[in-house]
Amino acid sequence: MRFVFKTSYDADIRLFKHRAQAVWYFLLLLLVLATPLYFVAIGDAYLLGEITGVLILAIAGMGLMLLTGHTGLPSLGHATFMALGCYLNINLLGAGIPWIIAFPLSGLIAGLLGTIIALPVLRLHGVYLALATLAMSILTSDFVVMAEPWTGGIAGAAVPDINIFGMEVNRYSTPYKFYYLVLFVAILLVWFYRNLLRTPTGRSFTAIRDSEISARAMGINLTRTKATSFFLSATAAGLAGALFGHSAGYVTNETFDLVMSITLLLMIVIGGLGFIHGAFFGAIVVGIIPVAIANGRSFLASTFDININIPGLESALFALILVGFILFEPMGLYGRWLKIRTYFELFPFYRKDMFKRQKSYLKTDRVQ
Amino acid sequence: MSLLEIENVTLRFGGLVAVDNVSLRVEEGEVFALVGPNGAGKSTVFNLISRFYDPAEGRITFDGHDLLGHTADQVPSFGIARTFQNIELFEQATVLQNLLVGRHRHRRTGVLSNIVFSPKAHSEERRHREAVEQVIDFLNLQHYRDKMIGGLPYGVRKVVELGRALASEPKLLLLDEPASGLSVEETQDMAFWIEDIQTQMGISVMMVEHDMGLVSAVSNRVMALSDGKELATGTAAEVQSHPAVIEAYLGTGEISKTGTSRA
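If you're matching them up, the sequences are chains V and X in order.
At position 204 of the first sequence (counting the first as 1) the number is 204 in the numbering used here, and the numbers step up by one without a gap.
If you want the numbering used here, it's the 1-based position in the second sequence plus 1000.
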């Protein structure tokens, strides 16, 4: 058990609670920085591409986490913002704007457009908001087809390579550079996210999530704060979309479909709603499952001569995992990790119901 | 000029008149209590001041500002803080975070400055923490500082909600049944705190309360409401012995001669 003695206000403001935590995150940083070395050594960068894909998903996941996990607004339409970011990026690059400007700009414009689209539906709550955003997601592929001059329609559009001051970055020819680029964006966004959570903006988001009436009584403007959250969320999704485009190389009207929106939501639920870690844990699970299924299939085929070719096996497994999490671990993977950590920290005094949420008290006084 | 002035305010829900032509004034530095049977419209008066409801008629002014010209989220900026009858805390956040949300009206930095954690945001954050720690000291919440609200007992939640309102450094504190569900000791603590809030911090308090012990102990003036109408205003003793008040609580007849101490 560790006791942290706080002697200044900064002890609560700081990014890391104590030195040991800072050391662990520093080691994690070293690990992710050194990962490409391993792939250089084995001379095969295929898995590094998968890891980069996981990081891109995690960026989109952070966007959705801010909206759903921290502001309490579910969205089934985040693939739409990814599509916006991706196509904006392609068109801005096509217009000759350098990547270093086009990339952040495409995220910001996606955020703005997303907020404009979202403003009318922000008055909705819970499942109604989810349905409204679902409709948005369903319309996306049609809009991509309709906006053919900019999107290439059904035929699709090729994504130009990244060029940063003369340095070419391409997923296949320079996988290591692309990995570091995505990693940089991801770390930057984590830092922004952490800053948000330790300042009034982030606290006003969580206030709205937990009690709108009380948030208003504390002077928080609901519409403006929700719109801010939506903007930041859609911006992150837009940036992820732009990176996704670079990673895929070629995007069509079916790239950013409803399944992607649902996958993003599944991801953050599996990872743990309300934790930045959750976006990463969820992305890892979503990234690993297809690889694991493919490996499992070839393993069964090669050693036991069993050939499994069931269509829709991945979706079924996803669904099973999700149901399992909702039933047995509503706090997600990060919640499970917290429990394991507490178990060892307090050994042998951990109690089984330590994280059990107490029944909330009556809320009969709700106005409206 | 009084701090809070409510003049001839009427609120109707369809055919039901919840607040019927009520006028009251809360002076600077006083503790003003609203009492009355269930459904008398006490909490409704609070929700009118908080601008959760729009009155059909009447005027509400606070510190020279016309509250009816402002929305609910602008009310705290004038210096009004409130608690709720059934506790509306942010359950998935710690006590510290809850109190920090109370500081929202003193926020001076924008989203961009927050995202990059500019030096200005940093120094603002330190100021908020300092103010919140003072509230934690005042209410003896040190032990619960980093605990999630979801796991706290009812009595502590009541205190945290008071703390969140205090953290905003208000001029007027609206307490909606501060002692409901509290034990005798907790109610005494609450009484001491309300006294300190009035005398040491110079904050005016308006409260809705059923516990006449607490009301008599801390309030300067009391108003009794029934069916949305004012019955009597005066000191706690005056109001408790007022025939209209006794009738509202106990009805007419023999039984009204029995004790009125707990009104």
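Derived by calculation from the structure, the hints in this document are not laboratory data.
Some hints here could point you the wrong way.
[Unchecked claim] Derived lysine-lysine pairs resembling DSBU-like cross-links, with alpha carbons at most 30 Å apart: (1) Lys339(V) with Lys6(V); (2) Lys17(V) with Lys339(V); (3) Lys1147(X) with Lys352(V); (4) Lys339(V) with Lys1147(X); (5) Lys1171(X) with Lys1147(X); (6) Lys6(V) with Lys17(V); (7) Lys1229(X) with Lys17(V); (8) Lys6(V) with Lys1120(X); (9) Lys1171(X) with Lys1120(X); (10) Lys17(V) with Lys1147(X); (11) Lys1229(X) with Lys6(V); (12) Lys1147(X) with Lys1120(X); (13) Lys1229(X) with Lys1147(X); (14) Lys352(V) with Lys339(V); (15) Lys352(V) with Lys17(V).
Note that the structure is predicted; figures quoted are calculated from it, not measured.
Tested hints:
Between lysine 339(V) and lysine 6(V), the direct Cα distance comes to roughly 24 Å. Compliance with the 30 Å bound is thereby established for this hinted pair. Using a Cα cut-off of 30 Å, the hinted pair lysine 17(V) and lysine 339(V) holds, with the two alpha carbons roughly 18 Å apart. Distance restraint check for lysine 1147(X) and lysine 352(V): the Cα-Cα separation of roughly 18 Å lies within the 30 Å cut-off, and the hinted pair is therefore satisfied. A C-alpha spacing of about 16 Å is found between lysine 339(V) and lysine 1147(X), which places the hinted pair at or below 30 Å, so the restraint holds.
At most 30 Å may separate the alpha-carbon atoms for a hinted pair to count; lysine 1171(X) and lysine 1147(X) meet this at roughly 29 Å. Annotation: proposed proximity of lysine 6(V) to lysine 17(V) holds, straight-line Cα distance about 10 Å (limit 30 Å). In summary, the hint linking lysine 1229(X) to lysine 17(V) is not supported, as the alpha carbons are separated by about 55 Å, beyond the 30 Å threshold. A threshold of 30 Å between alpha carbons decides the hint, and for lysine 6(V) with lysine 1120(X) the separation of about 22 Å falls inside it, so the pair holds.
For the hint linking lysine 1171(X) to lysine 1120(X), the alpha-carbon distance of about 26 Å falls within 30 Å, and the restraint holds. A distance of roughly 15 Å separates the Cα atoms of lysine 17(V) and lysine 1147(X); the hinted pair therefore holds under the 30 Å criterion. Restraint check for lysine 1229(X) and lysine 6(V): the C-alpha separation of about 53 Å exceeds 30 Å, so the hint is violated. Taken as a hint, the lysine 1147(X) and lysine 1120(X) pair is honoured in the structure, with Cα atoms around 28 Å apart against an allowance of 30 Å.
Restraint check: the Cα-Cα separation between lysine 1229(X) and lysine 1147(X) comes to about 42 Å, which exceeds 30 Å; the hinted pair is violated. The straight-line distance between the Cα atoms of lysine 352(V) and lysine 339(V) is roughly 9 Å, inside the 30 Å bound, and the hint therefore holds. Distance hint between lysine 352(V) and lysine 17(V) is fulfilled; the C-alpha atoms sit about 25 Å from each other, no more than 30 Å.
Of the numbered hints stated above, those contradicted by the structure are hints 7, 11, 13, listed in ascending order.
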